[in-house]
Amino acid sequence: MKKYSVFSLIKNAFNKHQDWDVAWRDPEPKKEYDAIIIGGGGHGLATAYYLAKEYEIKNIAILEKGWIGGGNIGRNTTILRSNYMHDANNLFYDHGMQMWKDLSQELNYNVMYSPRGILNLAHSDAQLNAYSRRGNSMRLNGIEASLLGREEVRKIIPFADFTDNARFPIFGGLMQSIGGTARHDAVAWGYARAADDLGVDIIQHCEVTGFDIVNGSVQGVHTSRGFIKTNKIGLCVAGSTSILAEKLNMSLPIESHVLQACVSEPVKPLLDGVVTFGAGHFYCSQSDKGEMVMGGDLDGYNSYAQRGNLPTIQHVLTEGVALFPNLSRLKMLRSWGGIMDMSMDGSPIIDKTHIEGVYLNCGWCYGGFKATPVSGLTFAHTIATGEPHKLNAPFKLDRFHTGHLIDEKGLGTKTWIS
Amino acid sequence: MLEIKCPYCGRRSQNEFSYGGDATVKRPKLNKDISDNEWDEFIYYRKNPRGIHLELWHHTSGCRQWFKVKRDTSTHEIIKTFMIEEESQ
Numbered sequence: 000m001k002k003y004s005v006f007s008l009i010k011n012a013f014n015k016h017q018d019w020d021v022a023w024r025d026p027e028p029k030k031e032y033d034a035i036i037i038g039g040g041g042h043g044l045a046t047a048y049y050l051a052k053e054y055e056i057k058n059i060a061i062l063e064k065g066w067i068g069g070g071n072i073g074r075n076t077t078i079l080r081s082n083y084m085h086d087a088n089n090l091f092y093d094h095g096m097q098m099w100k101d102l103s104q105e106l107n108y109n110v111m112y113s114p115r116g117i118l119n120l121a122h123s124d125a126q127l128n129a130y131s132r133r134g135n136s137m138r139l140n141g142i143e144a145s146l147l148g149r150e151e152v153r154k155i156i157p158f159a160d161f162t163d164n165a166r167f168p169i170f171g172g173l174m175q176s177i178g179g180t181a182r183h184d185a186v187a188w189g190y191a192r193a194a195d196d197l198g199v200d201i202i203q204h205c206e207v208t209g210f211d212i213v214n215g216s217v218q219g220v221h222t223s224r225g226f227i228k229t230n231k232i233g234l235c236v237a238g239s240t241s242i243l244a245e246k247l248n249m250s251l252p253i254e255s256h257v258l259q260a261c262v263s264e265p266v267k268p269l270l271d272g273v274v275t276f277g278a279g280h281f282y283c284s285q286s287d288k289g290e291m292v293m294g295g296d297l298d299g300y301n302s303y304a305q306r307g308n309l310p311t312i313q314h315v316l317t318e319g320v321a322l323f324p325n326l327s328r329l330k331m332l333r334s335w336g337g338i339m340d341m342s343m344d345g346s347p348i349i350d351k352t353h354i355e356g357v358y359l360n361c362g363w364c365y366g367g368f369k370a371t372p373v374s375g376l377t378f379a380h381t382i383a384t385g386e387p388h389k390l391n392a393p394f395k396l397d398r399f400h401t402g403h404l405i406d407e408k409g410l411g412t413k414t415w416i417s
Numbered sequence: 000m001l002e003i004k005c006p007y008c009g010r011r012s013q014n015e016f017s018y019g020g021d022a023t024v025k026r027p028k029l030n031k032d033i034s035d036n037e038w039d040e041f042i043y044y045r046k047n048p049r050g051i052h053l054e055l056w057h058h059t060s061g062c063r064q065w066f067k068v069k070r071d072t073s074t075h076e077i078i079k080t081f082m083i084e085e086e087s088q
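Chains as they are written, first to last, in numbering that gives the first Met the number 0: chain A, 0 to 417; chain G, 0 to 88.
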């Protein structure tokens with residue numbers, strides 16, 4: 000791999016950028032691999048990268064049904080944060096936040112990491128108290144958080160509705176100043192390029208159609224491009240997890256739901272960081288191109304369609320306009336949907352399964368993007384050693400049997416209601 | 000926009016309805032020994048199919064009846080709706 004640098008940029012400028020190397024190869028699948036990752040999204044690519052880099056497994060393939068970066072890694076709203084309350088989530092996601100800081104250098108690919116802060120707004124005294132509790136929980140785990148009053152919030156977002164007519168007046172908010180955004184496509188491409196450089200075969204347009212299980216341990220996968228032998232399989236297929244699990248005779252505590260997001264036409268710099276509306280489910284940031292990037296609720300019914308319906312967009316944007324009245328003058332540029340693997344307590348699952356050699360990474364609900372590096376690292380550890388990393392140890396599959404749920408939002412099994 | 004045919008009121012827009020999840024989940028019978036596994040299956044585990052899905056909906060802003068909808072999760076096509084006690088095959 001030729002290193003990207005200012006010098007390579009200048010050098011290639013003289014050739015009118017005709018001589019850049021391809022970022023990753025397009026290999027034919029081999030007969031056998033030491034480990035196969037199913038799913039070439041962010042988590043799958045990161046898992047393969049860390050397996051090759053940290054755990055010395057070199058003969059790895061990523062099997063992707065579509066193309067790299069075409070799923071949720073290319074559909075999310077790019078938010079990075081670790082403002083959780085439960086220790087398991089706090090420590091896990093904050094390890095991820097530390098990894099984001101150096102990710103561009105690590106991958107030699109600019110992921111446009113931009114820690115401009117994430118502000119959760121409170122619209123009542125009770126909500127501000129709840130945020131204060133969450134902030135304290137974060138600080139006890141060594142994560143920076145600060146509680147802001149109404150006037151401090153006004154300095155950050157003066158264009159929000161601070162009038163007496165606001166239906167949900169802003170009481171204050173919880174700020175995590177190292178929260179922010181990163182370029183989602185660049186994360187996929189950066190991991191793909193770096194993994195390819197370590198010898199990982201990225202095999203696109205290769206659908207897994209079945210598994211070869213003998214005496215409770217995996218022997219290989221059947222794919223649309225033939226049988227491939229392997230003893231270790233990592234599933235990183237987000238919304239499609241239940242479909243593959245069915246082929247493994249597993250039923251999972253997961254429902255697949257469609258989540259929509261949308262962007263407005265680009266405008267001049269308006270919003271610095273990420274702001275979330277506390278009286279409903281709406282959040283907003285501004286992309287480097289100037290588009291307002293917005294999202295909120297799930298459509299709220301099981302779906303594999305990767306597209307949603309207008310009522311949800313309308314509902315989300317009504318909340319947006321309640322918070323930022325000036326949004327009402329913007330045209331929406333586009334909206335899209337992705338399939339969320341909604342787990343029954345709202346927290347992810349990274350674990351081994353009852354089949355030897357099959358490992359599971361799913362249940363990311365609304366928030367898989369920010370976890371891409373740390374999910375990759377801990378899942379790679381789980382696959383390589385056969386035991387969970389201490390950071391993902393609480394995200395067990397059997398917690399739904401033992402009762403050790405990580406019910407961050409207090410929604411129980413109806414995580415899709417929020 | 001989904002148009003859902005409430006078995007009691009007829010076609011209405013999805014705005015009037017709320018979703019109630021998988022309708023094939025069976026609560027374990029009362030007054031008998033129920034294993035932890037049975038409870039866990041009932042509470043947490045779902046088939047989550049891509050394709051035909053039988054699900055509960057509530058006509059929240061209408062007649063407030065619960066009913067069953069047979070819908071394709073890969074296309075959002077609504078195939079048929081049933082009253083709750085109706086056989087849904």
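I should point out that these hints are in silico values taken from the structure, not numbers from a laboratory. There's no promise every hint is true.
Capping the alpha-carbon separation at 35 Å, the derived lysine-lysine pairs in DSBU-like fashion look like this [unchecked claim]:
id, chain 1, residue 1, chain 2, residue 2
1, A, Lys246, G, Lys25
2, G, Lys46, A, Lys228
3, G, Lys31, A, Lys246
4, G, Lys4, A, Lys330
5, A, Lys57, A, Lys389
6, A, Lys246, A, Lys228
We went through each hint and held it up to the structure:
Proposed proximity of A/Lys246 and G/Lys25 is supported: the alpha carbons are some 23 Å apart, at most 35 Å. Under the criterion of a C-alpha separation no larger than 35 Å, the hint pairing G/Lys46 with A/Lys228 is consistent with the structure, at around 28 Å. Straight-line distance between C-alpha atoms of G/Lys31 and A/Lys246 comes to about 33 Å, which keeps the hinted pair within the 35 Å bound. For the suggested pair G/Lys4 and A/Lys330, the alpha carbons sit about 33 Å apart, so the restraint of at most 35 Å is met.
Proximity of A/Lys57 to A/Lys389 is assessed by CA-CA distance (about 24 Å); at most 35 Å being required, the pair is judged to hold. With a C-alpha separation of about 17 Å, the suggested pair A/Lys246 and A/Lys228 falls inside the 35 Å cut-off, and the hint holds.
When the structure is compared with the earlier hints, no violation turns up for any of them.
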